[in-house]
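Fit chain Z to the known structure of chain L by using the hints.
There are 2 protein chains.
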Amino acid sequence: MHELKRYLPLLDWGRRYNSESFASDGLAAVIVTVMLIPQSLAYAMLAGLPAEMGLYASMLPLIAYGLFGTSTTLSVGPVAVVSLMTATAVSQVAEAGSLAYIDAAILLALMSGAMLLLFGLLRMGFLASFLSHPVIAGFITASGVIIAVSQLGHVLGIRGRGENLPQLAQQLWEQLTLVHLPTVLVGGCTLLFLFWVRSGLKPLLQKAGMPDYWAGMLTRTGPVFAVIGTSMVAWGFDLEAQGVALVGHVPAGLPGLDLPMLSHPAWRELAVSALLISIIGFVESVSVGHTLAARRRQRIVPDQELIGLGASNIAAAVSGGYPVTGGFARSIVNFDAGAATPAAGMLTALGIGLTAVFFTPYLAYLPKATLAATIIVAVLSLVDFSILRRTWDYGISDFAAVAITLFVTLAVGVETGVACGVLASLALHLYKTSRPHMAVVGEVPGTEHYRNVDRHEVITRGDILSLRIDESLYFANASFVESRIYALLEPRPEVRHVILMCTAVNEIDLSALEALESINRQLAERDIVLHLSEVKGPVMDVLRHTHFLHDLTGKVFLSQHHAVQHVMAEEDAARGDRPHDWVI
Amino acid sequence: MHELKRYLPLLDWGRRYNSESFASDGLAAVIVTVMLIPQSLAYAMLAGLPAEMGLYASMLPLIAYGLFGTSTTLSVGPVAVVSLMTATAVSQVAEAGSLAYIDAAILLALMSGAMLLLFGLLRMGFLASFLSHPVIAGFITASGVIIAVSQLGHVLGIRGRGENLPQLAQQLWEQLTLVHLPTVLVGGCTLLFLFWVRSGLKPLLQKAGMPDYWAGMLTRTGPVFAVIGTSMVAWGFDLEAQGVALVGHVPAGLPGLDLPMLSHPAWRELAVSALLISIIGFVESVSVGHTLAARRRQRIVPDQELIGLGASNIAAAVSGGYPVTGGFARSIVNFDAGAATPAAGMLTALGIGLTAVFFTPYLAYLPKATLAATIIVAVLSLVDFSILRRTWDYGISDFAAVAITLFVTLAVGVETGVACGVLASLALHLYKTSRPHMAVVGEVPGTEHYRNVDRHEVITRGDILSLRIDESLYFANASFVESRIYALLEPRPEVRHVILMCTAVNEIDLSALEALESINRQLAERDIVLHLSEVKGPVMDVLRHTHFLHDLTGKVFLSQHHAVQHVMAEEDAARGDRPHDWVI
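If you read the sequences in order, they're chains L and Z. Just so we're aligned: 491 in the working numbering is position 491 of the first sequence, and the numbers increase by one with no gaps anywhere. Just so we're aligned: 339 in the working numbering is position 339 of the second sequence, and the numbers increase by one with no gaps anywhere.
Simulated from the structure, these hints should not be mistaken for lab results. None of the hints are false.
Chain copies aren't distinguished; within one or between two, either way the pair holds.
No more than 20 Å apart at the CA atoms, straight line, and that leaves these computed lysine to aspartate or glutamate pairs for EDC-like:
#1 K432 <-> D303
#2 K202 <-> D212
#3 K432 <-> D541
Bound conformation, chain L alone (with noise of 0.2 Å):
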C-alpha cells in the first residue's frame, strides 16, 4: 500500500478531499482556465503546430499529472522553451505545416513520456543535477531572446523562421519592406496594452479599492482581454480581408484518442531531441516545483515527478497534443488563485474541454498577432542577461558556463546550445579538479591545526615538507600531483619527509595510486620518507587491499599533528638533540 501511494499520490490526497478543497480548485481552475486559453493558443502556434493542439496538450496531461505527480500546485501543459524545441526538433524531419510535422510532434511527445517515465522508475532524477545553474540561466535567457525575435515577424506580418538569431535577424531585415501595417497596428496596440496591464493596472486597481487577491487575478487575464478585443476589432472591421492573418477554423469539440504509429521513420531523428526536451522540461518543471512546494512548507518527490510528467506526455500524445512540462507562469497563477491540490488542475482540463466543444468558433477571428504579442510579452520575464553580470563577479568558470551556453544557443539554436553548455561546465569541473590547489602548511601556534604557509603565520621546519593536496587523486590529475611534488622538493635539498595531508582526498583511483607509488620510489631514491596524514576511512579501507602501504617508507598517521611530532621526534632522536631549527 505504502509503494502504491508512493507511485499513486492520489491515494493520499484523495482521502482527504473535501468540500472547502474542492471550493479552492473550483476558483483556480477557473481562473487558470481563462488564462490558459490565450496561452495554449499561443505556444501551439510558437511550435508551429494547429492552435487546437495547444488546447488538447493542456486537458489529458493536467488530469494524468494529477493522478501521479507530488506537486498539489504544479500545472502543466505547452510552455515556451519547450514549444520552441519541438519546433527546432519536428521542423528537422518534416516541412512545416505539413500533416508529417504533426504527427512527428506527437511522436515526439510520446517518445519524451516514455523516456522522462523510464528514467522515473529508474530512479535516474539525479541526472538532471548535471544541469548546473548557470547552464540553465544562460539558457532560458537565450531561448527567451529567441522566441521574442521569431514572433516579432508575427507582429510586423512578415516570415520570421529560423532555428537561431542569425537566421531570425536575416529574415526580419530581408523583409523589412514587406512589413505590414495593419498587422503592425493589431500586434502594437496588444503589446502596449498587454505591457500596460503587466505594469500599470494592478495599482490602478488597488488604488481603486479592488482588494489585492482580485486585482492580481484581473493582471493575469490581460490576454484574454487582448484576444476578445482583437478578435472582435478582426471580424467588426473585417482585418482578414485586409491581409491580417487571422488563427481561422479550429475544429471544435474534444480529440480522438489515438496512439501514434511506433513505426513512424522520424524517430530515430528525434531521439536526441526527446531527450534534450525530456531533461528540460523536467529540470524547468522540478525548479518551479521546489520552488512553489517550499513556500507552503511542502515536498516534492523528483523521481516521482519524472513519472508523472512522463503519464502527463504520453497523455498528451494519446490526445493529439505535444510535448508539455510544468510552467512557471500557469503553475504560479494556479498557486496564488488557490489551488489546494492537484484537482485543480483536473477541473482546469474539464474547462479546457469545454472551451473546445464550445467556444472554439470563436477563435477564427483571432489575430495571430495578437498571439505573438501574449508570446512576447510572457517570454520577455524569462530574459535575464544580469545572471553574466553575477557569474561574472562569482568566478570564471560559472561566467564561462553562462557565456558559451548563451552564445552557442543565440548563435546556433536550443539544442546545440543547451548541449555545449552542459559539456563545457562538466569539461571547465574535470579541468579545474586536473590541476588541483596544493598548499604547503605550518601548524597554527598553539593548536593542532595545519594551514597554508602563504595565507597564516605558522610554524614549519625545513626538513618536513607538509603538503595539503586539495582535491581526490584520480587519473586526471595523477600526473600533474606527481610533477607538482617533483617540483616542491627542487628548492628544498634539505628536506626529510614528505608528509601528504589528505583532508580533500576522497578517492585515490587506481591511476593516482601507481602515481603515488612512483613517487615512493622516486623519493626513496634521494633518501626521502614518504608519510600521509589524515587519510579518510574509505580511501584507507581501499589502500589496505593493495601493496602500497607495505611499500610506504613512512607512515600513514591520523593527524597531521600526530605525524609532525612522530616525525620530529624521530628525527631529534637520531640526531640526538632537541628540536632547534623551528621557524615562524
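Same frame as chain L, now just chain Z:
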C-alpha cells in the same frame, strides 16, 4: 637562447657531443636498424600499406624527433597500435590497396602531425592525463588481440580483414576450408622459431658463456633471422609458385619529398581519427619516454614531446610514410643497446636509408606469413588481461573502465573503444562526485581532531551536528548534499547547530552557493544555526565576494575544534549550566 633551447633540445645536447657518445650511438643504431627492418615492413603490412612505406616512416621521422624531442632514447616510427588505427581510419575512406588508400594514410600522418604540433605550442599536454591507466591498459590489450587475430589470416594463407573481433572471427571461420598448407608451414615454423628465441635462446647463449649484453641483443634479432631464413626458403623452393603470398617488388631508393594535397577530399572524415591517433600515439610515446628517462634519472617534457612527435609525423607525411609514434619495443632496444643521445635515432635513420637503397630487391622473396608471425609474437606481449583482475580487486569504477574499454574495442573497434573508455571513466568519476560521501563526525578524545562517528570512538553532543562533506560542492552534487542534510536532521530533532566541516571542499560554485543559501534559510526556519569550519583559503576568497557570509545564521571557524568549543560555550552559557549531555 633559453627559449630556443626549449624548442630545439639539439642545441643543448649537441654541444656536449663527443666521440664517446658517437661510439655508443653508432652501435645502438646498427642494432636498432637490424631490428627495425622486419618491424617496419610488418607494421606497414598491418596498416594495409606497401612495405616500403614502413621503411620511409622509419627515416625522416627519426631525424625530426632527434631535433625536437626531449627523450634521449625514444625511437619513433611505425608501431602496432597506431598502424591498426591507421588501417581502421583509412579503410573508411578508401579501398584497401588503392592509391587513394595510400594518399589517405599520408594525409592522416600530416593531420596528426599538425594537431600534435598545435597541442604542443598551446601546451596542451595535460589533455593526455584524461586517458586513465585502466583505459589505456584495456585499450592496448584489446588492440593486441585484434592485431594478433587479424594477422592469423596471413599465417593461415587466408584473408582476415576486419575492424573488430566478431568480424575477424567470422571471416576466419568462413574461410577455414581455404587454409593454405604451405603458408601455414612457413608461418607456423616462424612462430615456433620466434617464440623459442623469446623464451629459450637467451638462457642458452648465457650458458654458452656469451655476455648478458650480447645475449640480449642477439635475442632481439630473431625476426631478422626469420626474415632471412624464410626468404631463402621461398626463393629456393619457389614458394610463390605454390601460392605462398610474398612481399613482392619493393621499389629501391629513398622516398621523394612531397606534400600531400591539403585539399584532399577525405580530410573531414579523417579528422576524428587523426585526433585519436594523435592522443593515443602521444600517450604511448610519453609513457615509454617517462619509463626510460626515469631509469637514467633524466626527464622528458610532455609539451615539448608533442612538438617532437608533431614534427615526426609531418616528416613522415612529406616523405611518403604514415603515422608514427614512440614505440615501446624499439625504444627499449635502443636504450638497452646503449644509445646515449638522440643522434642514435638519426644514425638509425641512415641505416634504414641504406637498406632502402641497397637491400630492397632481396625483400621480394619475403613471405607475408613471416611478417605476420613477427607481428603476432610482438603484440602478444601487449596483451595482459590481468588488468581486469587487478582493477577488480582495487575498485569497481576502475574495473568498469577497463571492462568497457576492452569490450567495446574488441566488439566494435579501436576508435569507438578508446572514445567509450574515456567517456565512461569520466562519467564514472562525475557520478561518484555527484553523490559524495558525508560523515557525521565527533571529537577524537584528548585531541582537537574530528573523525567519522561510525569508524572511531568519538565524543558527540546531541544539540550539535558536525558534518564532514567529502567532496567539492558543485552543480552536480549541490542538491544531493542539500537533501542529505535534511535527511540527517530528520531523526535528530534536538539539533540546534549544524557545523559543516569543509576540509574536503575545494570549491563552491554558484549552483552550490545557491544550495548553501537555501540550506541556511531552511535551517533558520527550524531555528537551527548553520556554521562552517575549516573553509580553505581559495574557497573563503570566493565566499567573501558574496552575500552568503552576511546571511549565514552562524559563523565560519578556522577549525572544527574551535567551532564546537565556541558553540558549546554559547549554548551552555544560554542554559546557565555546565556541559552534561556528552556522549562517548
